[in-house]
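With the sequences and hints as input, model every part of the structure.
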Amino acid sequence: MATENPAAPKDDVADAPALFRRLGAEVFGTFLLVFAGMGTVLFAAKFPGADATNPLGVGFIGVSLALGLTVLAGAYAVGHISGAHFNPAVTVGVAIAGRLPWKDVPAYIGAQVVGAVLGSSLLAAIAAGGPAGFFESARAGGFASNGYGEHSPGGFGLVSALLVEFILTAVFVLVILLVTDKAAVAGFAPLVIGLTLTLIHLASIPVTNTSVNPARSFATALYDGGGWAFGQLWVFIVAPIAGAALGAIVYKTVLGSKKS
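Sequential numbering of the sequence shown, starting at 2, is according to this note's numbering.
Fair warning: there could be bad hints in the mix.
To be verified - Below, a list of computed lysine-lysine pairs in the DSS-like style, where the Cα atoms sit at most 25 Å apart:
no., residue 1, residue 2
1, K104, K253
2, K183, K104
3, K253, K183
Treat the hints as calculated values from the structure; they're not laboratory data.
See below:
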């Protein structure tokens, strides 16, 4: 393995890959995150069903691990190409920290949305071929969308949703920036980032079904059959972006090394 951090942003070095290649990496990584992560939510969290006598589903912990593992795999696979953001909030945080040119931010976010929508669309296609009523039931249940109030898994309200998404995205971005700092131990960044995302899901699935990623939230909202997900989507754009900004500012002004 190379001595550099696989997930370290490449834009501040002379040999940064071409933008087109970096965008391809972001499409792939965000696709993997949504397809595998949300696929676990839709198909494996409860199996063969909520009313099964002896359910074999992976449950709460399994879903959290799945999301962490997708980021871990994606970061090791393409982190050396794009920095493995897979998340508009992370991209904004990395740009605020001075590691990504602002001119590249719209393209990165566009690529992430494309990858996320591709992932959710393929999940919808698979669900449509499932047992009778499966797709309709998945859509009626929100298709793994994020929500608050009556659409929160635990019934948490708007303020709770805003706070948890803001705080946990700030933590997530700060961890990413610290473990990909040039002074950090090389090679372990994807592992730490993946485990952090797992912890974030363990802490917040009951509150909002865990977003910390506007692209993920948008992609699943497309297939919500109840008509509520887009009305609540703003929370899962505003709070993660604001949290990412805070995390980046703390990194840049307090915790980041002068080498970054």
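Against the structure, the hints come out as follows:
no., hint, in the structure
1, K104 - K253, "holds (20 Å)"
2, K183 - K104, "holds (23 Å)"
3, K253 - K183, "holds (13 Å)"
Comparing the model with each numbered hint stated earlier shows that all of them hold.
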